[in-house]
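Please dock the two separately framed chains into a single complex, following the hints provided.
Listed here are the chains, written in short residue letters.
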Amino acid sequence: MAVFVPINSGAQVEVVFVLGGEPVENRLWFYFDNPPFDLTALQGLADGVYAWHTANILPFLSVDLQLAAVEAKDWTTNPPSIIAVAGPPVNGGVTETSHSANVAAFVGFRWPLQLARLRRNGNFVPGVPVGSVDLNTPTAALRSALFEGYAALIDAARLFNPVLNWRWVVTSQTLAGVPRAEQLVGECIGPVREEKIRLGQRRKRLPIS
Amino acid sequence: MPFQPAIDIATTTLQGLVDNQLTILDLNWFASAGITAFNLGTLANGVSTWFTNSLAPLLSEQWSAVNVHAVDNTSATGPVADSSSVQAGGVTGEAAPNNVAAVVSLRTDQRGRSGRGRNFVPGIPNSLITLNTLDSGFITNLVTAYQLLVGAGSFLAGWQLVVLSRQTGGVLRANGLGIPVTSVTMVTNKVKSMRSREVGHGA
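Chains as they are written, first to last, in this note's numbering: chain A, 18 to 226; chain B, 23 to 225.
Incorrect hints may have been included.
[As the list claims (entries may be wrong)] Counterexamples of contact, computed for chain A against chain B with all Cβ distances above 12 angstroms: (1) Ala121; (2) Arg136; (3) Ala173; (4) Glu199.
[To be verified] Covered stretches of chain B, as calculated for chain A (at least 3 residues, CB under 8 angstroms): (5) 88-97; (6) 117-128.
Simulated from the structure, these hints should not be mistaken for lab results. Don't be surprised by glycine CBs; every beta carbon is placed ideally from N, CA and C.
In isolation and in its complexed conformation, chain B is listed as follows (with noise of 0.2 angstroms):
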């Protein structure tokens, strides 16, 4: 595919290790001012005290953040930045395998595909699911967790969080949109998959 701009939209690529195998949370965030490799290792640096403080205190101790990494999406050549982020997860305690996950559905003013992004949070606590089903206090952590990130500068000043869409009708846009996220919630209390962070697939 070839490259596609979006605009003063850049993309953080949250790392991390379980079972020695790659995880990957991507958030997108929209620069009110453009976006500068100043101000993008910013938004890294922010985005991985987030990773560290706020998400990783919820997993196993069997997962780990390794690593943000953030790229500007306005042009192929445009910065990148990287902050360290190794942190183990806070709770005691196996994981469950790495294909199980709790979504996290990120919500804009916009209805349809476009207007909604998901992140497969990885290494949950098996302690924390019973069955099928998540523990409810592990939902309204992680909920509050991702909450934080929302907002027009209020999580960090001239960046907002966004759903990044790049199709519309089944079409490539000529650029990327970013739609802001105005809500976070998880849809179900169920665990979902998620294939590719199998042992022996994916990265």
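Isolated chain A (complex conformation) (with noise of 0.2 angstroms):
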């Protein structure tokens, strides 16, 4: 079992899919500027995750997929003393058979520039429809979309209740391979550029069989 490594005043907020029957997720880092936060607080991250997705990401997705709810996790402890999650379940905007589960649209996240060289945080977006590849290709269409639903996560993100609080950050757990005390943690500056979003594959998401 993998090895829990803290951020201290900070929170994993996972994105809960549900695409052919399997459950499907992508997480975020975000971290709380004014420690320590409460579940009214953890609560404001969940909601506006959810706001945010729902309003910049899941339009562009297949029907097929299902965002079935947003969980945040204070990542300070484990368990974590306290989750809070946001709902109702709600499909994607795109009325188009969704690309099987072992297809994603890659969007890594960029580190902050004293950071760079860190491991690529990033998510394999699920539910992408057919009509928006082109055999192995991301449409431009696609990419745009993804490109700026991810960048509006920066600024929507020091909105999330309370507001100027909460900061979307990428992390790095491990250091020459030994898990790192506390995760270092960078302000995102935002997705890789348009033309770097490509299909990654995800083998696992596949039901088994």
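Next up, the structure:
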């Protein structure tokens, strides 16, 4: 089992989907400027990410994909002392079938410049509509939508309740292969540029057979 | 890894292209009367005909067969043969991304991993996939195509499709062992993944 590496005054947000009957998730990390945070603040984070995703990312994904819930966890202790969940379930906005679950659009997240050589964080975005891929290449429209959507999270996070407290961050949990005592965090400066958004593989998202 | 002989066993490598990425399907064959340069050429031509006439028509037009390369595994200096197999897939419309594959299982009368082989078939038409599920007609046609290869001398006189086992108990065998394929099946109607076929990975 993986070693728990805390972020003091940080939270992990899981955006949990269902695709083809299988659970799929994307993870994001956030830092709270004025610790400690309480359940109200964590609920503000979960609600904020839910609102951001359903407005900025989900509309460009297949109707076959259902965002089941957004769950925010206090990542200072294991198990988390407080957890907040936001919903209700909502489906993707493109009325077109999805590519199979092992096909995803990979969006890398950029570290701040002083930490630029650390391992890249990113999301393998599921539920890519068939029409949004030309053979192996995401269409320009999808790449643009994902770039703009994730870029919007930088500002949106600052307005999550309580305002001017949450920041979207990228993290590093290991150093030279050894777990750190505490995750190194850096404020995310956005997704990689559009032409770097590509298809990636998530084999384990397929149904077991 | 040093060369490992497999006496009287030939490997055919069915080469195709999709989005400028090489796709490979390997099939192994036992020669009942030994391997010569001549009968290896006959094998390459026979497999090439099957590749273009039986398999390619089931796949997307964005994929194409290119070549069949056959090698004699009896010795490191055995003969090789090639047969051009230029044929685009027969199904109009876009193919699924390169890592998406249909897995055909080659079964023998022997249990265990050594007794099973697989082919990850590329170039599946998007129109024949619903989310993760392959069209039932496509599955039937694919299994039917592979069944043409099964049997001693029934596909091509003197040749039998085999699973080539190179290890037992995690240790290399002195010689590769060919185990006759007795049936072909698809274990699942779900798509599978082959990462090395993604653009930017592998060949």
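Far enough from chain B: is every CB of that chain over 12 angstroms from the CB of Glu199(A)? holds (33 angstroms)
Examine each Cβ of chain B, and state whether all of them lie more than 12 angstroms from the Cβ of Ala121(A). violated (10 angstroms)
Given coverage of the stretch 117-128 of chain B by chain A, tested with a Cβ cutoff of 8 angstroms and a minimum of 3 residues: holds (count 6)
Against chain B, does Ala173(A) keep a CB gap of more than 12 angstroms to every residue? Per Cβ check, Ala173(A) is outside 12 angstroms of chain B; nearest 30 angstroms; holds.
Beyond 12 angstroms on every Cβ pair: is that true for Arg136(A) relative to chain B? holds (18 angstroms)
Under 8 angstroms between beta-carbons, do enough residues of the stretch 88-97 of chain B, three at least, approach chain A for the coverage claim to hold? violated (count 0)
Of the numbered hints listed earlier, those contradicted by the structure are 1 and 5.
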